[in-house]
Each structure stands twice: as C-alpha cells, then as structure tokens.
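Here's the letter readout for the chains.
Number of protein chains: 6
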Amino acid sequence: LKNIVEGFHRFRTEVFPQQAEFFRDLANAQRPRAMFITCADSRVVPEVITQSAPGDLFVTRNVGNVVPPYGQMNGGVSTAIEYAVMALGVHHIVVCGHSDCGAMKAVLDPPTLESMPTVKAWLRHAEVAKVVVQENRCSCSGRSTLDVLTEENVVAQLDHLRTHPSVAARLASGQLFIHGWVYSIETAEIKAYDAEQGCFRPLDSDGPVPMATPRPRYNLR
Amino acid sequence: LKNIVEGFHRFRTEVFPQQAEFFRDLANAQRPRAMFITCADSRVVPEVITQSAPGDLFVTRNVGNVVPPYGQMNGGVSTAIEYAVMALGVHHIVVCGHSDCGAMKAVLDPPTLESMPTVKAWLRHAEVAKVVVQENRCSCSGRSTLDVLTEENVVAQLDHLRTHPSVAARLASGQLFIHGWVYSIETAEIKAYDAEQGCFRPLDSDGPVPMATPRPRYNLR
Amino acid sequence: LKNIVEGFHRFRTEVFPQQAEFFRDLANAQRPRAMFITCADSRVVPEVITQSAPGDLFVTRNVGNVVPPYGQMNGGVSTAIEYAVMALGVHHIVVCGHSDCGAMKAVLDPPTLESMPTVKAWLRHAEVAKVVVQENRCSCSGRSTLDVLTEENVVAQLDHLRTHPSVAARLASGQLFIHGWVYSIETAEIKAYDAEQGCFRPLDSDGPVPMATPRPRYNLR
Amino acid sequence: LKNIVEGFHRFRTEVFPQQAEFFRDLANAQRPRAMFITCADSRVVPEVITQSAPGDLFVTRNVGNVVPPYGQMNGGVSTAIEYAVMALGVHHIVVCGHSDCGAMKAVLDPPTLESMPTVKAWLRHAEVAKVVVQENRCSCSGRSTLDVLTEENVVAQLDHLRTHPSVAARLASGQLFIHGWVYSIETAEIKAYDAEQGCFRPLDSDGPVPMATPRPRYNLR
Amino acid sequence: LKNIVEGFHRFRTEVFPQQAEFFRDLANAQRPRAMFITCADSRVVPEVITQSAPGDLFVTRNVGNVVPPYGQMNGGVSTAIEYAVMALGVHHIVVCGHSDCGAMKAVLDPPTLESMPTVKAWLRHAEVAKVVVQENRCSCSGRSTLDVLTEENVVAQLDHLRTHPSVAARLASGQLFIHGWVYSIETAEIKAYDAEQGCFRPLDSDGPVPMATPRPRYNLR
Amino acid sequence: LKNIVEGFHRFRTEVFPQQAEFFRDLANAQRPRAMFITCADSRVVPEVITQSAPGDLFVTRNVGNVVPPYGQMNGGVSTAIEYAVMALGVHHIVVCGHSDCGAMKAVLDPPTLESMPTVKAWLRHAEVAKVVVQENRCSCSGRSTLDVLTEENVVAQLDHLRTHPSVAARLASGQLFIHGWVYSIETAEIKAYDAEQGCFRPLDSDGPVPMATPRPRYNLR
Ligand SMILES: [Zn+2]
Ligand SMILES: [Zn+2]
Ligand SMILES: [Zn+2]
Ligand SMILES: [Zn+2]
Ligand SMILES: [Zn+2]
Ligand SMILES: [Zn+2]
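Protein chains in written order, with our numbering: chain B, 1 to 221; chain A, 1 to 221; chain S, 1 to 221; chain L, 1 to 221; chain R, 1 to 221; chain W, 1 to 221.
Read the hints as simulated data drawn from the structure, not as lab findings. Mixed in with the good hints there might be a few duds.
For chains that are exact copies, the list does not tell them apart, and a pair is met inside one copy or across any two.
Taking lysine to aspartate or glutamate and the DMTMM-like style, the derived pairs with C-alpha atoms no more than 20 Å apart in a straight line are [stated by the list, open to error]:
| hint | residue 1 | residue 2 |
| --- | --- | --- |
| 1 | Lys-2 | Glu-127 |
| 2 | Lys-105 | Asp-194 |
| 3 | Lys-2 | Glu-114 |
| 4 | Lys-105 | Glu-196 |
| 5 | Lys-2 | Asp-194 |
| 6 | Lys-2 | Glu-47 |
| 7 | Lys-105 | Asp-25 |
| 8 | Lys-120 | Asp-109 |
| 9 | Lys-120 | Glu-47 |
| 10 | Lys-120 | Asp-25 |
| 11 | Lys-105 | Glu-6 |
| 12 | Lys-105 | Glu-127 |
| 13 | Lys-120 | Glu-6 |
| 14 | Lys-2 | Glu-186 |
| 15 | Lys-2 | Glu-189 |
| 16 | Lys-120 | Asp-204 |
| 17 | Lys-120 | Glu-14 |
| 18 | Lys-2 | Glu-21 |
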C-alpha cells in the first residue's frame with residue numbers, strides 16, 4: 001500500500017493545491033455529462049481514455065462490463081443506472097469493453113472458473129454473447145473468437161440496458177442515448193457499435209459517431 | 001457526448017503516442033497492486049486521488065461504495081472481490097467512502113428514494129450503518145449525522161467484506177490487508193479506519209497507517 | 001365443473017372419433033410451427049384466433065403476456081422459451097397482448113393490487129411500459145392510456161425476449177423471427193409491431209407483415 | 001408464419017362475423033368457469049379437449065404443467081393462481097398432465113437438459129415426483145415409469161397448489177375445488193386423481209367425478 | 001451470561017460425571033427417533049415436553065415453527081428436513097406450535113413488525129393461515145382468533161412439509177409419518193391434528209394418536 | 001412415536017404438576033436471558049448443557065449452527081436474530097458448534113452431499129471456513145482437520161452475525177455481547193473464542209470468560 005499512500009500524499013500536497021478552487025466548486029454537487037460502464041480491469045481508466053476531469057463521468061465498473069437485465073433481484077449495476085438516469089439525469093450511457101479482457105477469456109475457458117463460483121455465476125450474464133458466437137462461429141472468418149465475443153458481449157449488455165425502465169422510457173422519447181464501445185489497450189483505438197448496420201466501426205472516423213440508440217417512438221416537443 | 005469523443009481523440013493523438021510503449025507492455029496482462037472499491041460518484045476518481053497509472057488499481061465502483069455480504073445470490077461486487085483475490089492475487093483492498101455522498105444522503109432521507117426502487121433496495125446494504133447511527137445518536141456530539149453515517153457505512157462494508165471466503169481465508173493467514181477510507185472532496189483529506197481504536201484517523205499523519213485488518217490466526221511460515 | 005366434464009365427453013365421443021388418425025399421428029412427437037406467448041385471459045384462445053390445430057402452436061400463457069428478462073432466477077416463461085428454441089427449434093415467437101386486459105388495467109390502478117401481492121410483484125415486469133407511457137403521456141393524443149400501455153407492454157416484452165441467450169443467438173443469425181401483436185376481442189383486429197417504424201400496424205393489410213425482428217449480424221449461408 | 005397469418009385472416013373474415021355478437025358481449029369482462037393449468041405442448045389444447053368457448057377457461061400453460069410452491073419469489077404460475085382465485089373468483093382449478101410429455105421424459109433423462117439450464121432448473125419443481133417414483137419403483141409393476149411419473153407429477157403439483165394462500169383459504173371453507181388430470185393424446189382418455197383412494201380413475205366413468213379436494217375445515221353457512 | 005456459564009459448570013461437574021458413559025456412547029454418531037420442528041420461544045423445550053434424552057430428537061427451531069415450501073431458494077429448515085430424512089432416516093416429523101406465540105400475535109398485528117423487516121418477510125410463510133382464518137372467521141365461534149390461527153399455522157406448515165421431495169417420497173410409500181401439534185404452556189396440554197376429521201384432538205386421549213399423515217400410494221412390501 | 005407420546009404423558013402427569021405455578025408464570029410472556037444458536041444434532045441440547053429452565057434461552061437450531069450473512073433474502077436464522085434483539089432485547093448471543101458434527105464432516109467430504117442438494121446449498125455458508133482451513137492447512141499441526149474446521153466455522157458464523165443490522169448497532173454501543181463456543185459431546189468441555197488472541201480457550205478456566213465481542217465505538221452513558 002506504500003505506493004498508494006505516497007500517491008495520495010503527492011495528490012494532496014502537489015496536485016490539489018493548484019486546483020483547490022475547482023474541487024471546492026465540486027464539493028456540494030455532481031453534474032456528470034455521462035455514465036460510463038466498463039470493466040474493473042486496472043488498465044482501463046475511463047477518465048484517462050476520455051481525458052475527463054473529476055465531475056465529468058459517473059462510473060460503474062465490474063468484471064466484464066456487465067449490465068444484468070432488470071429483474072426482481074437487482075444489484076449494483078442496476079442501481080447505478082437508475083440513479084444516473086433518475087437522480088442525475090445523464091443523457092448518455094456508454095458500455096465499454098476492452099481488449100485482452102480476463103472475463104471474456106474466462107467465458108471461453110470455463111474450467112478456469114471452477115475455483116471462482118461467484119465469478120462463474122456473474123458471467124452467466126455474458127453467456128448470451130458466447131451462445132451467439134458459438135452458433136455463428138463459421139461466419140466470423142479472419143477474426144479471433146475473443147475479439148468477436150468481446151463485441152457481442154457489448155451488444156448483449158446494450159440489450160440488457162434497454163430492459164431497465166428508466167432507460168426504456170427515455171429512449172422512447174429520444175432523451176437518452178446509448179453507446180457500445182470496445183477499447184484496445186495496445187493501440188488506443190475505440191470501435192463503436194452501429195445498430196443500424198449491425199457492426200462495430202472506428203470511433204475516430206471523421207463521419208458521424210456510430211449510434212446504438214434505437215429510434216424514439218415519442219416526440220416530446 | 002461531444003466532449004467525451006473529443007477527449008478520446010486528444011488521448012489517442014496527444015497522450016497515447018508519448019506512452020505507447022507503456023501501454024504495449026500492459027497489453028497482455030494486468031498485475032494491479034490493489035483493489036479499490038469506491039462510489040460511482042463522478043467526483044471521486046481513484047486514479048487521481050492516489051496518482052495511480054493504468055495497471056495499478058483494480059477498481060469497482062457502485063452507488064455508496066457498498067460491499068454486499070457473501071450469500072447465495074452474489075452480484076458484481078462479490079465477483080470483483082473473488083476475481084481480485086483469487087485470479088489477480090491482490091494484497092490490499094481499500095473501501096473508500098467520500099464527503100457529500102448522494103447515497104448516504106438518500107439513506108438519511110428515504111422519501112427521496114420512492115421513485116427509485118432499485119436504489120432503495122440496494123441501499124439496504126447500508127441500513128446497518130443507519131441503525132448504528134440512530135441507536136447511538138446522542139453520543140456523536142459535534143459532528144454531522146451525514147459524516148458519522150459515511151464513516152459507519154465504511155465500517156459496515158468492511159464487516160461485509162470479511163464474509164467473503166476468499167477474503168476471510170487470506171485475512172486468517174495475514175496475506176491480505178483491508179482498509180477503510182473516507183475522502184473529502186473539498187479538502188483532499190482522507191481519514192482511515194483504525195480497528196484497534198474503533199475510530200477514523202487522518203491518513204497523512206506521520207505515524208503508521210491506521211489498520212482495519214483483523215489479527216491473523218495462522219502463520220504461513 | 002359439470003360443463004367441462006360434459007365438454008370432455010362430447011370431445012371424446014363426438015369430435016375425437018372423426019380425427020382419431022390425426023391424433024394418433026400426433027401421439028409420439030410434437031413439431032409446432034411457432035411459439036405463442038399470450039395472456040391467461042379466458043377470451044384469448046390462440047388456436048381460435050389463428051385457426052390452428054392441435055400440434056401447431058407451442059403455447060405459454062400468463063397474466064399480462066409477460067416475458068421476464070433472462071436472469072439468475074428464471075421461471076416458467078423463460079423455460080418455455082428455451083425449450084421451444086433449443087428442443088423444438090421453432091422459427092417464430094409471437095408475443096400477443098389484447099384489449100381490455102385486466103393486467104394492464106391493474107398496472108394503471110395499483111391500489112387494486114394491494115390484496116394480491118404476487119400479481120403485484122409479477123407486474124413489475126410491465127413497469128417499464130408504464131414508465132414509458134407516463135413520461136411520454138402528452139404525446140399520445142387521441143388514444144386511451146390503456147391502449148398505448150398495452151402496446152408498450154408488448155414492445156417491452158419483446159425487448160425482454162431478446163435477452164434470452166437462445167433467442168439472441170438465433171436472431172443474430174437470422175434463424176428466428178419475433179413478433180409483437182395486440183388482439184382486439186371486440187373487433188377481431190390484430191395490430192403488429194413494426195420495429196423499423198416504431199409503431200403498430202394492422203396485420204391484415206395487403207402489404208408485407210410488420211416485423212419486430214432486428215437485423216441479423218451473421219450470415220449462416 | 002404464413003399459415004398463422006392466413007389462419008388469422010380466416011378467423012377474421014369467416015369465423016368472427018358469425019359470432020360477432022358473442023365476441024362483443026365478451027369485450028368488456030371475463031367470467032371464466034374454471035382455471036386450467038396444463039403443459040405448453042402444442043398437442044394439448046384445453047379448449048379443444050373440453051370443448052370450451054372463448055370466455056370459459058382461464059388458462060396458464062408451461063413446460064410440464066408445473067405449479068411452483070408459494071414462496072418468497074413467486075412467478076407467472078403463482079400470479080395466475082392468485083389472480084384467478086382473488087380477482088376472478090373461479091371455483092375450480094384443473095392441473096392437467098398428458099401422455100408423451102417432453103418435460104417428463106427430460107426428468108427421467110437428465111443429460112438431455114445439459115444444454116438447457118433454465119429448463120433444468122424449472123423441472124426441479126417436478127423432482128419430488130421423480131424421487132417418489134424412484135424410491136417406490138418396484139411397486140409399480142406393469143406400468144411404464146413415464147406413465148407413473150406423469151401421474152405423480154400431477155399429485156405433486158396439487159400439493160404445491162395447496163400452499164398458495166388464496167387456494168388454501170377457499171379449500172378450507174369448501175369454496176374451491178381442485179382436480180388432477182392426465183390426458184392421453186392418442187386415446188382421448190382422461191384419468192382423474194382420487195385423493196381418498198390415492199389413485200387415478202377414468203373421468204368418463206358413470207359414477208361421481210374423482211375428487212382431489214381435501215375435506216373443508218370450516219362451514220360458511 | 002454468568003448464569004449460563006455457571007449452569008455449564010454445574011452440568012460439567014455434577015450432571016455429566018453421572019452419565020459419562022451414556023455421553024461416550026453418543027460421541028461418534030446420532031440415531032434420533034424423530035425430528036422436532038418448533039418455535040424458538042424460550043418456553044418451549046422439546047426435550048422437556050417429551051422427556052427426551054440427548055440423542056433422541058433432531059431439533060430445528062425458528063420463529064413461528066415455520067416450514068417454508070420446497071423451492072428454488074431453500075434455507076435452514078429445508079436443509080434440516082432433507083438431512084433428517086435422507087441422512088438420518090427419521091420416521092417421524094413433528095411440527096409443534098404453542099400457546100401465546102409471539103410470531104402468531106405479530107401475524108395478527110402487522111404494525112408491530114414495521115421495525116423488523118426480516119421477521120415480517122419470514123412470517124409471509126404463515127400468511128396462508130391468516131388468510132384461512134380471515135376468510136372463515138365467523139365460523140370459529142367461541143374460540144380466540146389467536147388459538148385458531150396457531151392451529152391453522154400448523155396445518156399450513158404440514159402442507160408445506162409435503163412439498164419437500166424427501167418427505168413426499170417416503171409419505172407415498174408409508175415410511176414416514178408427520179404430526180401437527182399445539183402445546184399449551186399454561187396447562188401442559190397438547191392437541192394433535194387429525195387430518196381425516198380436519199380438526200385438532202387432545203394427544204392424551206386413550207384412543208389412537210391423531211394422525212396428519214396422508215394415505216400412502218405405494219406398498220413397499 | 002410411542003416413546004415420545006409416553007414421554008409427553010410422563011411430563012404432563014409427573015413433572016408438570018410439581019411446577020405448575022412456574023409454568024403458569026411463564027404462560028403470558030417470555031424474557032429469555034440469551035439467544036442460543038446451535039446445531040440441530042440430537043446430542044446437543046442447549047438446556048441440558050447450560051442447565052437452563054424453560055424461559056431461559058431463546059433457541060434456534062439448524063444443520064451446522066450456521067448464521068447466514070444479512071442480505072436481500074433472509075430466512076429463519078436472520079429472523080430469529082432480529083426478533084431476539086429487537087423484540088426480546090437479549091444481551092447475549094451464543095453460536096455453539098460441537099464435536100462429531102455431521103455438517104462439518106459433509107463440508108470436508110462433498111460427495112456425500114450429492115443426493116442432498118438442499119443441504120449442499122446451505123453449507124455454502126460454511127464454505128468460508130473450509131477455504132480458511134485449506135489455505136492454511138500446514139499451520140494446524142497436531143490437530144484434526146475436523147476440529148479446526150469446526151472452530152473456524154464458529155468464527156465465520158460470528159463474522160456473519162456482525163452483518164445483521166440489529167446486532168451491529170448494539171455491538172457498536174456495547175449493549176450486546178457475542179460468543180463463539182465449541183462443545184465436546186464426549187468430554188463435556190466447551191472452548192470459547194477469544195477474538196483478541198485469535199484462538200479458542202476452555203470456558204471453565206478460572207480467569208475471565210473469553211470474549212468474541214468487538215470493542216464498542218459509542219458510549220451510551
Ligand atoms: Zn475486462
Ligand atoms: Zn457517493
Ligand atoms: Zn390480459
Ligand atoms: Zn408436456
Ligand atoms: Zn412461538
Ligand atoms: Zn452438528
């Protein structure tokens with residue numbers, strides 16, 4: 001823990017004094033632009049990837065950037081979604097997977113989960129992606145199963161996201177936008193899901209940002 | 001989303017190229033020093049507070065930095081703990097609360113949760129802290145209920161953390177250390193829980209770091 | 001029960017003998033064309049509405065034609081879906097709501113559910129439709145809230161249907177088609193959901209059948 | 001889906017006009033005589049077997065005509081029971097199994113369920129019947145295990161039915177009657193459970209209908 | 001705790017030495033005659049009421065002598081039943097309620113449970129008895145509601161008991177007997193449920209013991 | 001059941017008359033000194049071991065003297081704890097394991113649980129003790145694994161006990177004391193957990209009773 005405590009002292013004595021006013025303004029309320037759901041993996045830091053400052057992103061992180069479907073037993077991710085939409089009124093939710101994800105590897109190699117029953121149960125929420133990949137394997141020529149699974153997992157979690165009442169209501173009226181990303185640690189590329197085309201496209205193209213948001217059914221004007 | 005996508009482009013074109021080698025080294029494995037469990041609040045960025053780099057911290061964030069007790073139905077937080085201890089072998093777990101926490105305010109003001117049933121159900125995991133504060137209210141003179149509740153919530157989540165098999169096993173043999181912190185957004189102070197004394201003490205004192213880890217019962221030598 | 005037993009005797013002595021061979025052919029296997037998910041309401045008989053014979057439709061019926069999202073605790077509807085897709089290989093799933101639905105009325109009038117806690121809990125799966133309607137109320141001019149809710153409930157259950165692994169896998173490869181219908185008891189009309197347009201259109205138009213199936217992402221040819 | 005849509009058109013243009021008045025009378029309320037719980041199997045159509053018209057039977061169908069016991073987590077079947085008894089006031093509930101049931105075969109051959117985890121979990125509600133048959137196997141000479149299991153499953157589901165508060169209350173006062181049937185697809189026979197004798201007897205005997213209803217403990221006169 | 005520790009010392013130094021051989025015989029196995037399920041109430045000591053010695057009764061006690069129905073989520077009582085029947089092979093199970101039961105009083109007076117959410121949820125398993133009593137109230141003239149509820153609760157728990165696979169299997173073959181008792185603290189009377197008559201009769205009558213066991217359906221001879 | 005009914009008659013005719021007044025005083029309320037949580041094992045009779053009279057101990061017994069952690073789904077043990085602390089105001093809770101415990105043996109020999117799925121699921125609450133013992137095996141030289149596991153199970157259940165809100169609140173203010181015991185059937189010894197030392201010590205030493213209660217954080221004086 002020595003490094004962490006020293007890091008904190010450095011933050012407190014060197015970084016914070018230069019931005020004390022900024023933090024004082026933050027002290028009594030948060031107004032984040034977006035919600036960011038990503039993996040707990042230490043290499044995927046949302047604020048670094050998006051060069052965001054404290055106060056910008058409402059962040060929930062878990063193993064495999066999973067969004068359980070809304071149900072009778074809801075947990076931490078469902079709570080964060082409801083809070084972000086209802087209490088904070090965010091307008092964007094990003095579900096972000098990443099390359100070399102330990103959770104995705106485990107989904108492909110179940111025996112590694114035998115000693116981790118909790119992880120195994122949790123990753124049932126990614127099972128749907130695995131079934132999609134398995135049943136359509138031959139059609140993914142030229143790409144690794146892990147890469148395809150990582151993308152399909154993001155698609156599946158977007159489908160889960162749409163079952164949450166707060167999300168569905170604001171999608172129906174065009175007030176909320178959802179995004180599915182996959183981040184590559186090695187190359188710093190992000191691919192985003194384009195629901196219309198049914199595929200992922202690079203986020204840094206010059207054209208319009210790929211959208212995973214379904215067409216709104218109501219017009220609030 | 002414009003700011004976020006622009007931030008990403010800035011990261012990709014300005015920040016990443018300077019550290020391309022660092023990221024390439026990270027591309028195939030993570031070896032984080034510690035697990036960090038904190039609130040989804042946008043103002044609490046673990047990597048900023050501890051001046052950590054990508055790869056340093058395995059992070060899980062949820063509303064109220066809750067750790068549900070280990071049970072028959074386990075979710076994302078329990079999964080992250082099991083994965084961090086069993087698959088990654090972290091030696092430290094920090095549970096970090098913070099000032100001005102919306103979750104803690106909601107615990108004190110239940111009517112605000114009526115329109116958010118999922119949040120309400122989730123915060124039952126913090127109920128224990130509320131009961132502690134309510135039954136001992138008169139003894140906390142001179143401090144706000146919110147501050148006391150925030151600390152008691154961290155103590156409660158540490159107690160929950162100890163019910164996880166992977167954690168209990170390594171605590172028993174002195175291989176794992178647990179920490180309970182409260183971070184102040186306005187002042188950049190951190191108070192850490194001292195289990196022996198039963199109170200929180202500033203982290204930046206010159207003396208030894210306050211410890212929440214119970215005495216090991218086995219000696220692995 | 002007298003009517004029912006007499007009805008059975010009539011079936012056994014008058015109807016059955018004329019079709020004994022047909023039933024004998026059915027005796028050892030079922031090969032239904034489609035799965036039909038509708039309300040338990042006594043006025044909505046799938047085989048009558050679609051003039052289907054025994055052996056044609058795999059049917060599951062419950063209060064409110066609900067499809068719970070796939071989760072860690074799955075029940076009868078999820079079981080029927082998995083069985084229909086995996087064991088029977090159906091190619092179509094119809095989710096069919098109906099006019100004058102007691103479940104939809106109850107969703108709009110929660111006090112009627114106070115003495116029925118189980119029904120109340122179950123209808124949380126339709127909560128999402130209610131939230132959609134409530135937040136977009138002003139935009140539905142000219143139609144009753146009950147009618148809009150009944151349609152939105154079918155849309156919501158289609159979204160839930162997509163979270164089931166067996167369904168998602170076959171949707172991805174274009175092997176399964178899903179349909180959202182609302183049946184009017186009084187007029188014998190059916191409206192079907194057109195996902196592209198985001199609205200319901202009459203099923204008996206001469207043009208193509210409205211489709212709720214998302215675009216496949218894989219090509220199995 | 002072509003057959004189904006064509007069937008609907010036939011219903012709408014040929015069948016419905018002849019009974020338009022009948023359907024108009026049904027349009028605003030249902031007053032079913034009985035509740036019918038049976039398998040989702042496409043060959044078991046309650047309205048055909050009992051020659052019932054729309055409006056006669058409140059129907060819930062699932063894989064294996066299962067009635068989960070009343071518990072802390074209740075689903076679709078429990079909901080339908082509570083609704084039928086409390087909101088509709090039905091006086092009879094029929095639990096109806098059938099010959100050649102895929103669910104019963106699966107209970108006897110668990111490996112077939114390995115790829116269908118949801119079905120497997122659901123059929124734990126029929127486990128009790130399997131244990132009964134296994135522990136008493138030698139006494140069932142002359143009958144197939146499948147036939148005995150199918151009957152025992154109906155007995156088990158009747159026992160489950162009695163744990164539902166709404167059912168138990170009306171059984172105690174003699175206001176509700178429960179029935180356990182097994183329908184043979186090939187021969188159009190129905191056997192009904194006689195609780196007093198502890199065995200199934202043909203429904204079409206001239207004598208009194210076999211009864212599964214326990215003796216009432218209260219006299220409401 | 002002083003009394004308890006002193007009681008233990010008295011047991012250890014005065015009682016145990018006189019029966020040391022008896023306890024030594026017990027040290028390596030238990031072979032209890034019966035399972036006893038009763039309330040946690042301090043005044044109801046199964047071994048005193050039945051003058052049983054250590055080794056005679058396998059005992060599980062909880063608030064309200066509840067037996068949850070067998071389901072997908074089973075807990076301590078279900079575990080004890082399965083263990084008693086399968087691992088120990090007991091031939092009798094007694095469910096024993098008692099006079100002046102705090103749990104039964106709470107069922108009749110729900111507001112007292114507001115501060116005890118766990119107790120409230122647990123007593124939903126006794127809800128069925130309350131509904132029976134409420135719907136048949138007028139017929140119980142001359143007896144207190146509490147007394148009738150206490151009896152009906154025992155009847156309900158016997159119904160729950162029959163849903164457990166291990167119990168159902170051995171009831172079907174006549175190898176297991178179940179009993180429903182109500183014990184009066186003040187008068188030391190026990191009334192036992194007579195399922196044939198649908199009523200409770202004193203246990204100390206000279207005639208045969210009242211039986212709650214249903215007729216076996218198999219003959220293992 | 002003959003022995004039990006005869007035992008009851010003996011109690012009623014011989015024992016009760018001598019203490020009729022004592023029982024009459026108990027008839028309208030219980031005021032137990034302590035709560036006792038122990039195994040359902042027939043050889044472990046709390047009232048015998050502590051020489052307690054009816055009215056002294058509030059007792060809950062289950063397979064393996066398990067205390068599930070407080071969670072979203074709470075059962076009989078959690079109910080008994082909440083009732084004991086909140087409704088009865090007990091000041092002591094004893095968790096008592098014992099020698100030759102069938103549950104502990106089963107934890108060490110999982111195949112024996114294959115035919116008892118409910119027992120298997122329940123004993124996951126003791127899994128934490130098993131993991132502790134397995135990971136620290138070499139350090140327990142000179143003692144049987146069963147003995148160490150039995151002790152560790154008591155320590156684990158004490159940790160679980162602390163997650164219950166009612167318990168945590170009164171521990172924090174020093175109003176409640178918790179105790180972890182292991183009782184030897186053969187020798188009538190009890191060892192008690194000393195949390196300060198992290199080990200079990202004989203209860204019958206002349207010194208102070210070993211304490212498992214954590215230091216209070218509030219002073220109610
Ligand atoms: Zn990952
Ligand atoms: Zn917070
Ligand atoms: Zn309906
Ligand atoms: Zn079937
Ligand atoms: Zn009681
Ligand atoms: Zn034991």
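Query raised in the report: Between Lys-2 and Glu-186, at a C-alpha cutoff of 20 Å, which is it: within one copy, between copies, both, or neither?
Result: Neither: 28 Å inside a chain and 24 Å across chains, both beyond 20 Å.
Report task. With 20 Å as the alpha-carbon cut-off, assign the pair Lys-120 and Asp-109 to within, between, both or neither. Result -> Classified as within; 11 Å inside a copy, 22 Å across copies.
Query - Intra- versus inter-subunit Cα pairing at 20 Å for Lys-105 with Asp-194 - result: Neither. Shortest intra-copy (24 Å) and inter-copy (38 Å) distances fail the 20 Å Cα cut-off.
Query raised in the report: Is it within, between, both or neither when you check Lys-120 against Glu-14 at 20 Å Cα-Cα?
Result: neither (43 Å within a copy, 39 Å between copies)
**Report entry** Lys-120 and Asp-25: within-copy, between-copy, both or neither at 20 Å Cα
**Finding:** neither (43 Å within a copy, 28 Å between copies)
Query raised in the report: For Lys-120 vs Glu-6, is the C-alpha pair at or below 20 Å within one copy, between two copies, both, or neither?
Result: neither (36 Å within a copy, 37 Å between copies)
Query raised in the report: Are the CA atoms of Lys-2 and Glu-127 at most 20 Å apart within a copy, between copies, both, or neither?
Result: Cα proximity of Lys-2 and Glu-127: none, with 39 Å in one copy and 32 Å across.
Query raised in the report: How would you label the pair Lys-105, Glu-6 (within, between, both, or neither) given a Cα cut-off of 20 Å?
Result: The answer is neither: 34 Å in one copy and 31 Å across copies each exceed 20 Å.
Report task. Check Lys-2 against Glu-189 for me: Cα-Cα at most 20 Å, and say if that holds within a copy, between copies, both or neither. Result -> between (33 Å within a copy, 17 Å between copies)
**Report entry** Homomeric proximity label, Lys-105 with Glu-196: Cα distance no greater than 20 Å
**Finding:** Answer is neither; intra-copy 28 Å and inter-copy 35 Å both fail.
Query raised in the report: Quick one: Lys-105 to Glu-127, C-alpha cut-off 20 Å, is that within a copy, between copies, both, or neither?
Result: Close inside one copy (12 Å), not across copies (26 Å); limit 20 Å.
Query raised in the report: Are the CA atoms of Lys-105 and Asp-25 at most 20 Å apart within a copy, between copies, both, or neither?
Result: Intra 42 Å, inter 19 Å, cutoff 20 Å: inter-copy only.
In this structure, the earlier hints numbered 1, 2, 3, 4, 9, 10, 11, 13, 14, 16, 17 and 18 are contradicted, and the remaining ones agree with it.
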